[in-house]
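Once you have looked at the hints, place chain B on chain A.
Chain by chain, the residues:
Number of protein chains: 2
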Amino acid sequence: MIRAFETSKQAHQRHSDKAARTRDRILTLAAQAASVNGIGTLTIGGLASATGMSKSGLYVHFGSKEALQIALVDTIEKQFRKEVVGPVFAMPSGKDQLLEMMRLWIAWSQSPDRPGGCQLIAATFELDGLDGSVRDRLAKSIDAWRGAIRVLWNNGKPKGELRGLDAEQAASLAYGLYAAQHIERFLLHDQTAPERAMKLWKAAACR
Amino acid sequence: MIRAFETSKQAHQRHSDKAARTRDRILTLAAQAASVNGIGTLTIGGLASATGMSKSGLYVHFGSKEALQIALVDTIEKQFRKEVVGPVFAMPSGKDQLLEMMRLWIAWSQSPDRPGGCQLIAATFELDGLDGSVRDRLAKSIDAWRGAIRVLWNNGKPKGELRGLDAEQAASLAYGLYAAQHIERFLLHDQTAPERAMKLWKAAACR
Numbered sequence: 005m006i007r008a009f010e011t012s013k014q015a016h017q018r019h020s021d022k023a024a025r026t027r028d029r030i031l032t033l034a035a036q037a038a039s040v041n042g043i044g045t046l047t048i049g050g051l052a053s054a055t056g057m058s059k060s061g062l063y064v065h066f067g068s069k070e071a072l073q074i075a076l077v078d079t080i081e082k083q084f085r086k087e088v089v090g091p092v093f094a095m096p097s098g099k100d101q102l103l104e105m106m107r108l109w110i111a112w113s114q115s116p117d118r119p120g121g122c123q124l125i126a127a128t129f130e131l132d133g134l135d136g137s138v139r140d141r142l143a144k145s146i147d148a149w150r151g152a153i154r155v156l157w158n159n160g161k162p163k164g165e166l167r168g169l170d171a172e173q174a175a176s177l178a179y180g181l182y183a184a185q186h187i188e189r190f191l192l193h194d195q196t197a198p199e200r201a202m203k204l205w206k207a208a209a210c211r
Numbered sequence: 005m006i007r008a009f010e011t012s013k014q015a016h017q018r019h020s021d022k023a024a025r026t027r028d029r030i031l032t033l034a035a036q037a038a039s040v041n042g043i044g045t046l047t048i049g050g051l052a053s054a055t056g057m058s059k060s061g062l063y064v065h066f067g068s069k070e071a072l073q074i075a076l077v078d079t080i081e082k083q084f085r086k087e088v089v090g091p092v093f094a095m096p097s098g099k100d101q102l103l104e105m106m107r108l109w110i111a112w113s114q115s116p117d118r119p120g121g122c123q124l125i126a127a128t129f130e131l132d133g134l135d136g137s138v139r140d141r142l143a144k145s146i147d148a149w150r151g152a153i154r155v156l157w158n159n160g161k162p163k164g165e166l167r168g169l170d171a172e173q174a175a176s177l178a179y180g181l182y183a184a185q186h187i188e189r190f191l192l193h194d195q196t197a198p199e200r201a202m203k204l205w206k207a208a209a210c211r
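So the sequence lines, in the order shown, correspond to chains A and B.
Add 4 to the 1-based position in the first sequence for this note's numbering, that's all there is to it.
Add 4 to the 1-based position in the second sequence for this note's numbering, that's all there is to it.
Next comes chain A alone, as it looks inside the complex:
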């Protein structure tokens, strides 16, 4: 369309599309940085230095440090749904689905987009002693994924391929093995950690 002929509504739409794309681009960069430095330490000033944008420009997009951090959790959760939740829930229920769940989850923490590992599990330990809206948003995210694991477990159970854990225990075991491989891989630089977590998950959860 030739801009001279666009209506003011169309012009407004074009501007807000552009603003949304800019916002998405900033949040994608912020998510990478948070993989190394954490979510709770991200400030508008810090993001300004990292992106070369002005602080005032970033305030227009986010309004406050808390709003920025919450938008960041939204962005990371959206990526997680695309890379892990979606593909897993597209599979038939049962043992193979539960194994693929752990495989994709671990792969998520090893992605080149996350040079310092999974931002969500890191933020868990960063924010758990604090109060506030960012902590609450994160807890909602962790709770949702634990709930999804319980659903996968309960749906797979009637096939008789899973061990005698209840869904809550299965979610705790899965979270634990994920956390252990994260510690071993990123702090202790043990490259065998992901394979060990998969073996333990298979042995303790799936027949």
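Among the hints, erroneous ones may be present.
In silico lysine-lysine, DSSO-like type, Cα no more than 30 angstroms apart, as pairs [claimed, not checked]:
| # | chain 1 | residue 1 | chain 2 | residue 2 |
| --- | --- | --- | --- | --- |
| 1 | B | 206 | A | 206 |
| 2 | B | 144 | A | 203 |
| 3 | A | 82 | A | 69 |
| 4 | B | 206 | A | 163 |
| 5 | B | 163 | A | 206 |
| 6 | B | 163 | A | 161 |
| 7 | B | 99 | A | 206 |
| 8 | B | 161 | A | 203 |
| 9 | A | 99 | B | 206 |
| 10 | A | 206 | B | 69 |
| 11 | A | 59 | A | 144 |
| 12 | A | 203 | B | 22 |
| 13 | B | 99 | A | 203 |
| 14 | B | 22 | B | 99 |
| 15 | B | 161 | A | 69 |
| 16 | B | 99 | B | 144 |
| 17 | A | 206 | B | 22 |
| 18 | B | 82 | A | 203 |
| 19 | A | 161 | B | 203 |
Chain A stretches covered by chain B per the calculated footprint, using a threshold of three residues with CB under 8 angstroms from any CB of chain B [what the hints assert, rightly or not]:
| # | segment |
| --- | --- |
| 20 | 35-45 |
| 21 | 118-132 |
| 22 | 179-190 |
Just so you know, these hints were derived from the structure itself, not from any lab.
Think of the CB as a built atom: it goes at the ideal place given N, C-alpha and C, for glycine as much as any other residue.
Positioned in the frame of chain A, the structure of chain B alone reads:
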């Protein structure tokens, strides 16, 4: 002793004893604060505000932020040896020792001295993407405890009370269940988490 009669060596000793006690007292306070706020974010300035001491006074004791954070890991590790490692290694090897290991470790994370939970596992996720001497000191500490779990496992193995995991798998499983209950308890406020971790450890590790 009447001070007028003490030798200069004795006076020096008295001053350095006093300095050591002051340093210990500061580090005990710093360890409590780190349970909520983390180890990697602690600065000499922040500690000055928290203790009411002068920044220059704290510089005399620690010299730099990194030296302070390393001294803090030393202090926390010493507490961990006293509350967990010592009592566990005083027991005869076997299943009961491995169960008590997990029980004392979880109790450590729930102590009133640690209002925001275990400083060491939190620092793991805080520092794992970074370089430097504090990260290396922490990795040494985590590695030592994983090594201790492997020793407990190998010593208990001949009694036939433990499941068919190798020592490395047992250490990963133990770390994972510890991390899971920490996430559930401190982020999700689930008070049933410690008991679930104990049950999972018993079911997956001990016959």
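So, against the hints stated earlier in the document, which numbers end up violated here? Structure breaks hints 6, 10, 12, 14, 15, 17, 18.
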